[in-house]
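Chemist: Each chain, written out:
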Amino acid sequence: MKTPDVTATLGDGKLQLAIYSATARLADRRREVVSLEAMPDYQQLRQHAHDIKKHTLDHLDYYLEQLERNIEARGGKVIWAKDGAEACAFIQKLARERGVKVIVKSKSMTTEEIHLNEHLEAGGIEAVETDLGEYILQLSGEKPFHIIAPALHKTIGDVSNIFERHLHSQPETSPEALTKIARIALREKFLEAGMGITGANFLVADSGAIVLVENEGNARLSSTAPKIHVAVSGIEKIIPRAQDLAVFLKLLARSATGQPLSVYTSFLAAVPGEFYLVLLDNGRTRLLADESKRQSLYCIRCGACLNNCPVYRKIGGYNYPWVYSGPIGKILTPQFMGIEHDPWLPFASSLCGACGEVCPVKIEIPRILLELRSNKVSSSPDNVELWSFKVWAWVMKHPKIYAKLASAALAAAPTDKDSFFAVGPLKNWLSQRDLPVPPAKSFRELWKKRSK
Amino acid sequence: MTSRDQILSSARAALNRRAGDSIPPPPPVLLREGPKELLIEQFKKALEALAGKVVVVKTPAEAEVAIDNALNGRTFIRSPHEPTAATEVGITSADYALADTGSLVIFEPTLLSLLPPCHIAVIKESQIVASLDDVFRLRPLPGSMVVITGPSRTADIEMRLVRGVHGPGEIHVIIIEDVTHSDSNTSHHL
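Protein chains in written order, with my numbering: chain A, 115 to 566; chain B, 171 to 360.
Note that these hints are calculated values from the structure, not bench results.
All C-beta atoms, glycine included, are put in the ideal place defined by N, C-alpha and C.
Heads up, a few of these hints could be off.
[Unchecked claim] Selected chain B positions facing chain A (in silico; Cβ < 8 Å):
| # | residue |
| --- | --- |
| 1 | S173 |
| 2 | I193 |
| 3 | R244 |
| 4 | M329 |
Produce the complete structure using the sequences and hints provided.
Modeler: Structure representation (structure tokens):
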């Protein structure tokens, strides 16, 4: 992942426009299709989806075992992986044993999380991303910028250049022509590939099924064209019954892109070829133990919280420390990787609450952000901050002293922050904040004068 | 201890559960009741909004004419045969069609509805149901199923809509009328 550089992102006008317009469009479309007129039972569905996820995660061991029994009953295999290394090692070994040289992959945040492509390539196996956006980024050596619109920061010109460089195609100026170039190049890979790797949007316990939701058709091709299909999924993607999809499918595409349904929804319970489901823990059971934040695992990866976040919409996807960006990334990263990994991440929020409001499974992201802040402060208290607040609290409780200090502060206050705080730690703090010039008279003074 | 046992035991420790513990019933299944009338009109409107083409005919013979019109001289393969790389059009049926979203539901789908650049589906009016909820009332569900909602599409380049990425960019649905509308007890086979 690129080194975060917020200042560069903020200063790049083209990039700012790309982020702003893409997220605005996705957010607007969502708002339209979940409006009261378009979907009168939307709030009921959200609550129901939340309740189903809560029930499932609260009894996760039961449903995982049920899923495993049902997948094995139809001839598939379940591989349990404690972490990314175990998941990658299994897939690499399987590919080697079956003589697989080329693997086609469809978009999966879980495989991004475990750096599967890098592992496969190190083992001499070509893993090709087949979602158009992911393919563009794989060629240019970048990571997804957004959960559902991975290449939203690339212009038509950028894509044309990338294809010219890596596929030796002619320069093109239309998305149609560029899409055709990718379709032709990838069609060859699909026919050549010995294995297809997908993620899973849902794991259905009672049917032993995985569900894939997509618009392009590459997940359908990846899961059915090659002889071997490997699905990689976090253990939290499970739902009890196929019937529960009726609730989740109504919410997922609407929240993501504003479509009533994505183009292809594949329900795969019995597939003719070899099938493996890699069930990944990688920090999830640790998160499960925290009852008040357990709901972080309800996420169905729709991206609505990113599109509606005032912070994501300015800084984009590359300034977050891990693969999951936006508000959901802010609560998943410290919980998966440990709070010490990025202690300040939960503080990078205005707590406006938009993320919680648009979440289709009602994850209380703002509350969880506050709890993570509190965890950080209690695990490694900042003494300067602690004592500052203690002193402040004492002064606030003593009105006479407060009044004296306030008028003294008024007299001493600078009118020009640059000259007064030109040195020391305050300079950095003020470099991104405004220091308002205090008024000539304090409120207390004005009040006294008025009462006379 | 295997990874399986470790994951299951850390999950149980986190949830304060023991192996073999029972669970309370999950929240009830929530399926919507949809309309039973005007399904053709709704289906047509929904699929046409996604740039799909819909033709309604009265007899199988008329359906053949409609297929010819849609083919417009292109090479085609009919199910159950598999397409080749050169096949221009795949002709299939569908098990259900969804009125609210303009979707086709195909059980045990093959590459014929996916690889060729154009897909023609021929269905009977009685196969149209109100929404996916009606399909989820079926028990058991088939081993595999795909719900196809319009042509394959992407907006990955500058958010501009392009049809026909890996799947067909063109979809035609030919509906053969077989429901007597004067009868108020319209029977669907669900």
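Chemist: For a quick check of understanding: which of the numbered hints are violated here, in increasing order?
Modeler: 3
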